[in-house]
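> Each chain is listed here by its residues.
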Amino acid sequence: MADSDNLRAKVQEDVIRIMSETLEISPEEITTDLSFNTDLPFDSLQLYEFVIDVEETYNIRLPDELLDEVKTVNDMIDVVLKLSEQK
Amino acid sequence: MLNEEEQMSEALVRIFENVVLTEEKSLQAGYFKDLSIAEMHTLTAIGPYDARTMTNTAEDLGITTGTLTVAIDRLVKKGYVHRERDKRDKRIVRISLTHTGKLACRMNSKFHRVLAKHILAGYDANDRKHLLDLVDEVDRYVEQQLRRYDSSENVRATARQVAKDTTKEKKQNG
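Top to bottom, those sequences are chains A and B.
No gaps in the numbering here: position 63 of the first sequence is 63 in the working numbering, and each next residue is one more.
No gaps in the numbering here: position 70 of the second sequence is 70 in the working numbering, and each next residue is one more.
No lab work stands behind these hints: they were computed from the structure.
Just so you know, not all the hints are guaranteed correct.
Facing chain A, according to a computed beta carbon distance under 8 Å, are these residues of chain B, among others [stated by the list, open to error]:
#1 Y31
#2 K102
#3 K110
Fair warning: this is a prediction, and the values are worked out from it, not measured in the lab.
Cβ coordinates follow ideal geometry from the N, Cα and C atoms, glycine included.
Can you make the complete structure from the sequences, with help from the hints?
Written out as structure tokens, the structure reads:
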């Protein structure tokens, strides 16, 4: 497996783990195609808890303007990957 | 009927008061009941990311470091702010938000964004641009007035300092 695939798998694992801890649901219930708006039961406080945990885990910044573009779990993984590589 | 100046003046005061009041009520009804509006603004001035110095944060808030110290003491006790001395220069105190502090700060930003979103939603793209241009102009004008007072305060402070130094010199010279 290429390094980039390994990194993506690691980010995916972390994002889903943090999400499942915040929402108190099993990681198996979370797939990368799920939508933040329609599929995932986040209230606004939980959403920011999740975002801050991801920021702290990867030492990145996820401002609201950027989050507006994130529609699915996959989008979030893409953004985290992109920002981690820019560091 | 009100004349234009009265209408503008009353609307400005009312908007300012109602935004602050709505913010305060949303705090009381929400997850961060133990925060006052002033404390929330202190958290916003620190910001959710890098640690800041007490001096810079006090400057941004337009208060003295003494006043900020009292506010920070309370916010540290409530678990919203982390405070530590600079490792190299012990005179410098750095403050940053805890996880809960970041959460409160982001929720408050969200409150402002949602308010703005709802205000803008009632207009088409052209009117939105026009409204934003006008609001920008009002903002710049009010800011300009504030700077005038700031600089006159600075002038007064310098004058006071010069007077103090002169008196000291006179005393020293007998």
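> Quick check on B/K110 please, does its C-beta sit within 8 Å of some C-beta on chain A?
Holds. Min distance 6 Å.
> Hey, does the B/Y31 contact hint survive, CB to chain A under 8 Å?
6 Å, holds
> Does B/K102 hold up as a contact with chain A if the rule is Cβ-Cβ below 8 Å?
5 Å, holds
Figure legend: structure checked against the earlier numbered hints; every hint is met.
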